[in-house]
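Just so you know, the protein sequences line up as chains A and B, in that order. Letter by letter, the first sequence follows residues 686 to 800 in this note's numbering. Letter by letter, the second sequence follows residues 206 to 320 in this note's numbering.
Accuracy of the hints is not assured; some may be wrong.
Using 27 Å as the maximum straight-line C-alpha spacing, the simulated DSS-like pairs for lysine-lysine come out as follows [claimed, not checked]: (1) A:K699 <-> A:K749; (2) B:K207 <-> B:K272; (3) B:K307 <-> B:K207; (4) B:K247 <-> A:K749; (5) B:K307 <-> A:K699; (6) B:K261 <-> A:K705; (7) A:K705 <-> A:K751; (8) B:K207 <-> A:K726; (9) A:K751 <-> B:K247; (10) A:K726 <-> B:K307; (11) A:K726 <-> A:K751; (12) A:K749 <-> B:K307; (13) A:K726 <-> B:K275; (14) A:K749 <-> B:K207; (15) A:K705 <-> B:K247; (16) B:K247 <-> A:K726; (17) A:K740 <-> B:K261; (18) A:K740 <-> A:K751; (19) B:K307 <-> B:K272; (20) B:K261 <-> B:K207; (21) A:K751 <-> B:K307; (22) B:K275 <-> B:K307.
Hints were generated in silico from the structure; no laboratory data involved.
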Amino acid sequence: GAVVSQHPSRVICKSGTSVKIECRSLDFQATTMFWYRQFPKQSLMLMATSNEGSKATYEQGVEKDKFLINHASLTLSTLTVTSAHPEDSSFYICSARRAGTDTQYFGPGTRLTVL
Amino acid sequence: QKEVEQDPGPLSVPEGAIVSLNCTYSNSAFQYFMWYRQYSRKGPELLMYTYSSGNKEDGRFTAQVDKSSKYISLFIRDSQPSDSATYLCAMSSSLSNFGNEKLTFGTGTRLTIIP
Numbered sequence: 686g687a688v689v690s691q692h693p694s695r696v697i698c699k700s701g702t703s704v705k706i707e708c709r710s711l712d713f714q715a716t717t718m719f720w721y722r723q724f725p726k727q728s729l730m731l732m733a734t735s736n737e738g739s740k741a742t743y744e745q746g747v748e749k750d751k752f753l754i755n756h757a758s759l760t761l762s763t764l765t766v767t768s769a770h771p772e773d774s775s776f777y778i779c780s781a782r783r784a785g786t787d788t789q790y791f792g793p794g795t796r797l798t799v800l
Numbered sequence: 206q207k208e209v210e211q212d213p214g215p216l217s218v219p220e221g222a223i224v225s226l227n228c229t230y231s232n233s234a235f236q237y238f239m240w241y242r243q244y245s246r247k248g249p250e251l252l253m254y255t256y257s258s259g260n261k262e263d264g265r266f267t268a269q270v271d272k273s274s275k276y277i278s279l280f281i282r283d284s285q286p287s288d289s290a291t292y293l294c295a296m297s298s299s300l301s302n303f304g305n306e307k308l309t310f311g312t313g314t315r316l317t318i319i320p
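Isolated chain B, as found in the complex (with noise of 0.2 Å):
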């Protein structure tokens, strides 16, 4: 079993739909959470950065956390077709100055967003 398990797609909605995006993991010892945009042949950024459980709000874009659940997901409201990439979550148990933290990615849903 994958640490992060993470449905690859392809995900297609039409523009102006409510997007959801999932991961489920494992690992309980995770506590930080990232999503990431990759557009083809791009590197990832980062959009959404939240710590243990709860929800996070940043314009279109909402990231939950359900750490109860081993679950988080990303929601993405009034869709855009520049929205169309994929989709990548990353997880760590843990963040430092000084350590080497790791990231645990899913391996991403690809998403478009039909005009």
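Okay, chain A solo, but in the shape it has when bound (with noise of 0.2 Å):
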């Protein structure tokens, strides 16, 4: 199987604090992962895009030092979101694509909760 896992589930934190998610592939190499958000009833929505050992590729209209990626290694990638205001609340998705292949694992996601 292709398993993505993400730490934490599910996190509630105060206005101005900083949040780190782990994206983890627990039994495959990943060159490739993506970080998306999802709002209540709605899609998912591309983020970045991050390569192990380079710089992330942000989406327009995502702040780069807002919500800071780093893609350590092959099966690691966090994202943190720094200074999390309220309007950050939503559902972080993490994906992850195997080495040599086409297709996207998903992470079961983090449920963030800013107050």
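Dock chain one against chain two, each of which comes alone in its own frame, and use the hints as you go.
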């Protein structure tokens, strides 16, 4: 199989704090990982694409200084939401593309609530 | 106009019925088409993956792509209550080992199978 995990699954934080979300490919190497956010009853919106060992590519309108992405290894990417605000509350989902294949495998998501 | 249009539903059908889910798109460059299933508060799970036009069958699921009409479908035969979920279509213009290929998602259709 191709299993992707995310940690934490749910986080509640105060406004102004930073939150780090981890995305791990458990049984395969992922040269590319993607970060999405999903608002209730809406589709997935791509935030950024990260390749192992290089800087992430952010989608238009996504602040790279606010959403810090680090793809330090072939099995781990992290998303840090800096100085979180209530409007950052959302469901954040990562996906990983297995090296040498075309398909993306999604993590279970992290629900962020900023008070 | 959105690149990918998908009826958000909700769609309710009785158990055992055939379900038809559809997406239309405007970007003629799309060549790779996917269907994902997303249960509530979970990440999407890849169901079907097709390239270019044609049909693909996997158990109770059949995916159809009509590039001339820019129309894709997912059929579910002998629907079960466990099929109740949100179904997202996704598509891409290119997939490679090196590119930062992006998936464009539909908004998702909420499906409920009534026992």
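### Message
If you test the structure against every hint from before, which numbers come out violated?
### Response
Violated hints (numbers, rising): 5, 6, 17; every other hint is consistent with the structure.
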